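Q: One letter stands for each residue in the lines below.
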Amino acid sequence: MTNPSENAVTVRNVYKNYGEVEALRDLSLDFPRGQLTSLLGPSGCGKTTLLKIIAGLIPATSGEVLVNGEVVKAPGPDRAFVFQDFALMPWASVIRNVAFGLELRGVPKSEREAIAEKYIAEVGLTGFEHSFPHELSGGMRQRVGLARALSVDAQVLLMDEPFSAVDEQTRRKFQEDLLGLVQNENKTFIFVTHSIEEAVYVSDQIAILLPRPSRVMEIIRPQGFRDKDVDHIRRDPEYLDIVDRIWASLRSYVE
Amino acid sequence: MTVFGIKLPNMSSLLLWGLLWEFIGQIELTFFLPPLSAIFATLLEIGGTKAFITALKETAHAFSIGTLSAIVIGVPVGILMGKSRLIDQLLLPWVNLFLSAPLTALVPVLMVLFGFGIKAIIITTALFAIWIIVLNSRAGVMQINRSLVEMAHSFGASPFDAFTKIYFWAALPEILGGVRIGFIRAVKGVIIGQLLISIVGFGSLFELYASNFLMKHFWAVLIVLFALAFVIAEFLAYLERRVDYYASRR
Amino acid sequence: MLARHRANLLKLCSALIVFGAWEIAGRIPVSFAFPTFLESCAAFWALLIDGTMFVAYLETLKPLVIGVFISAVLGIGLGLWIGLSRAFDWLVSPIFVVMQTAPLAALIPLLVMAYGIGLTSKVFVVCIMAMPVIVLNTGGAVRNTPASLIEMGKAFLGSRRDVILKIILPSAFPIIFAGLRLGVSAGFIGAILAELKITPTGVGDIITYSRSIADYPSMYAAIASIIILAVLFLNVLERIENHLLRGSRKSLAAD
Chain A
1 MTNPSENAVT
11 VRNVYKNYGE
21 VEALRDLSLD
31 FPRGQLTSLL
41 GPSGCGKTTL
51 LKIIAGLIPA
61 TSGEVLVNGE
71 VVKAPGPDRA
81 FVFQDFALMP
91 WASVIRNVAF
101 GLELRGVPKS
111 EREAIAEKYI
121 AEVGLTGFEH
131 SFPHELSGGM
141 RQRVGLARAL
151 SVDAQVLLMD
161 EPFSAVDEQT
171 RRKFQEDLLG
181 LVQNENKTFI
191 FVTHSIEEAV
201 YVSDQIAILL
211 PRPSRVMEII
221 RPQGFRDKDV
231 DHIRRDPEYL
241 DIVDRIWASL
251 RSYVE
Chain B
256 MTVFGIKLPN
266 MSSLLLWGLL
276 WEFIGQIELT
286 FFLPPLSAIF
296 ATLLEIGGTK
306 AFITALKETA
316 HAFSIGTLSA
326 IVIGVPVGIL
336 MGKSRLIDQL
346 LLPWVNLFLS
356 APLTALVPVL
366 MVLFGFGIKA
376 IIITTALFAI
386 WIIVLNSRAG
396 VMQINRSLVE
406 MAHSFGASPF
416 DAFTKIYFWA
426 ALPEILGGVR
436 IGFIRAVKGV
446 IIGQLLISIV
456 GFGSLFELYA
466 SNFLMKHFWA
476 VLIVLFALAF
486 VIAEFLAYLE
496 RRVDYYASRR
Chain C
506 MLARHRANLL
516 KLCSALIVFG
526 AWEIAGRIPV
536 SFAFPTFLES
546 CAAFWALLID
556 GTMFVAYLET
566 LKPLVIGVFI
576 SAVLGIGLGL
586 WIGLSRAFDW
596 LVSPIFVVMQ
606 TAPLAALIPL
616 LVMAYGIGLT
626 SKVFVVCIMA
636 MPVIVLNTGG
646 AVRNTPASLI
656 EMGKAFLGSR
666 RDVILKIILP
676 SAFPIIFAGL
686 RLGVSAGFIG
696 AILAELKITP
706 TGVGDIITYS
716 RSIADYPSMY
726 AAIASIIILA
736 VLFLNVLERI
746 ENHLLRGSRK
756 SLAAD
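Order-wise, the sequence lines are chains A, B and C. Residue numbering for the first sequence follows this note's numbering, starting at 1 and increasing by one per position. Residue numbering for the second sequence follows this note's numbering, starting at 256 and increasing by one per position. Residue numbering for the third sequence follows this note's numbering, starting at 506 and increasing by one per position.
Everything labelled a hint here was simulated from the structure, so no lab data went into it. Heads up, none of these hints are tricks.
With a straight-line cut-off of 25 Å between C-alpha atoms, the simulated DMTMM-like cross-links for lysine to aspartate or glutamate are: (1) B/Lys420 / A/Asp78; (2) B/Lys374 / B/Glu462; (3) B/Lys262 / C/Asp594; (4) A/Lys52 / B/Asp416; (5) B/Lys420 / A/Asp85; (6) A/Lys52 / A/Asp26; (7) A/Lys187 / A/Glu122; (8) A/Lys52 / B/Glu405; (9) A/Lys109 / B/Asp416; (10) C/Lys516 / C/Glu528.
Every value quoted in this text rests on a predicted model; they were computed, and no experiment measured them.
Based on the sequences and whatever the hints tell you, model everything.
A: Here it is, written out as structure tokens:
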């Protein structure tokens, strides 16, 4: 059913219980290679839990996650995580933060700093290499988090509501940049968000999750506007239709 | 405070109080308060004497060994408590008990157990300092941002790497805060120990000066002690402020 | 419920371990001056039922209560003034800052010279120990009243008096109370120090006397009693604090 060359990540029959509470029930989902899949749903639907299970940060109660055909048991070099609260080390400079993943892998200092340098430039932070996180704005901090995830060259990028802690304008810029990244980097992105507009704007595939018990309600694949210019997406009739459709089906789950 | 548009430094009012002290001393209002200038003159006089230097040496010796052992034992115990629930639940009641207990009451016990000497004073000093160091190190570890730990984990950090690269640094502001308060308490402990075991260090000097009513000498030693305590506290506060930027924002 | 049960069980365990170690160490014995736990308990009981302890505490608590009362009234008054007036803050705060870091115990010989060996000296010792922390906490709390609250008071036409009594003081109350608790804690140290250094009265007398006749169990019992009393009393204060201040901002009292 699943072809490992097509799907970078496969989630099969995953259950997750916290004591009595059932966080995920029999969840199965495929993540096509080279594409961006959003996990979208109201709070409490277990989307971050699923993402952390894929990352190997928390174990599933049962079921399995395959990354490139291999079962996930722990975090691995094939996946990199982008955190909602950035998770930057406040005592370390930008360049050390970006190079930290490589530092833990034992890459020599000069080599890892050269790589970090490249990704700092790619996210547009040239000149801030020796600044500290508290000297940067929220948007810039998340760029550091993004550069850190890119610098370890993992095939799968796991993003946990990465733009929810930045202001609206910065967020829009991030979304545009993310589209460029998906096109140029040939990586698989798994993107958790609670914003319907954001999910529709950036995704090749949207998995809508419902809470209690968590399950995949629907998978939507926007077709028409993905290749259009970023400036036109928000006016595209298909974009607007999908946004409306998702809201219509989620509305009843909002308290 | 600003006067005529000039911002007066924080502790500058102490100069004013010093002048007042000098004035009261000069008009000989009370026998117990000799003029400040006379006290400083006495200080220069006794500063080089053997008795004073011995007292200072003995005190510094007890203080440094006491605080050093408090740090060496306290920080790892605190970190351990922060990481292991079992150890935490076993030790926390005692740490809290000794943190708020009037430890002065224990000095007589230390005296009979360890003799009327430097050993009892060292232990008193360490006892005064250690509990807050333990508690703060524990707090530092417990409030570590979870996603920092997850971040290290997701990049495959070994337990050793996680400890030396994340836990220690993330808890550093709290640890330093604990060490600072611990040092302030240790200064008090070393003096209380010497007062009660009054045959070593400044304790014996106080006894000597007080029984001979040498007010200037007495004040001279007091001022040295207070100044030393203040300098130590300020220096540690300065260190703490240097890492403050990442403590405040979590 | 289960976790609570476990915590209590562990507390019991830890007490058993410590008291057991004490008992064993006393039986070896590690020192001629180290009675066993049970001997000390027996001595405690004896002191308790023949009324010695009761009489002793009446004596010990006298300077403590008077000293803490004076420190509280004066300390909160001064702290309030410090918090409200920049000039007074500049003038007076440094004295208390120095007092807080200084080993004030060294002043005791001087106090004895000036005020003799009676109650006055002892009250003084308690005051100089307890006052700085009360003054500085009150001052800090008053100074740091949220500006928006004070502006709100002014916007609704509150008089200066109203703003102080109805906004500044209630808002500063948690930290003032925490400062008082720390003041009481320091006062205990002062009271005991006074009894051990100035003249042995009350519990200090039991400690000094039983040491001189080598009745170590009684000495340990007296010391344990004062520690238990102090810890219990401070715990009660903390409970009251937590009860009164449910939901208000957590105090950041400085020691």
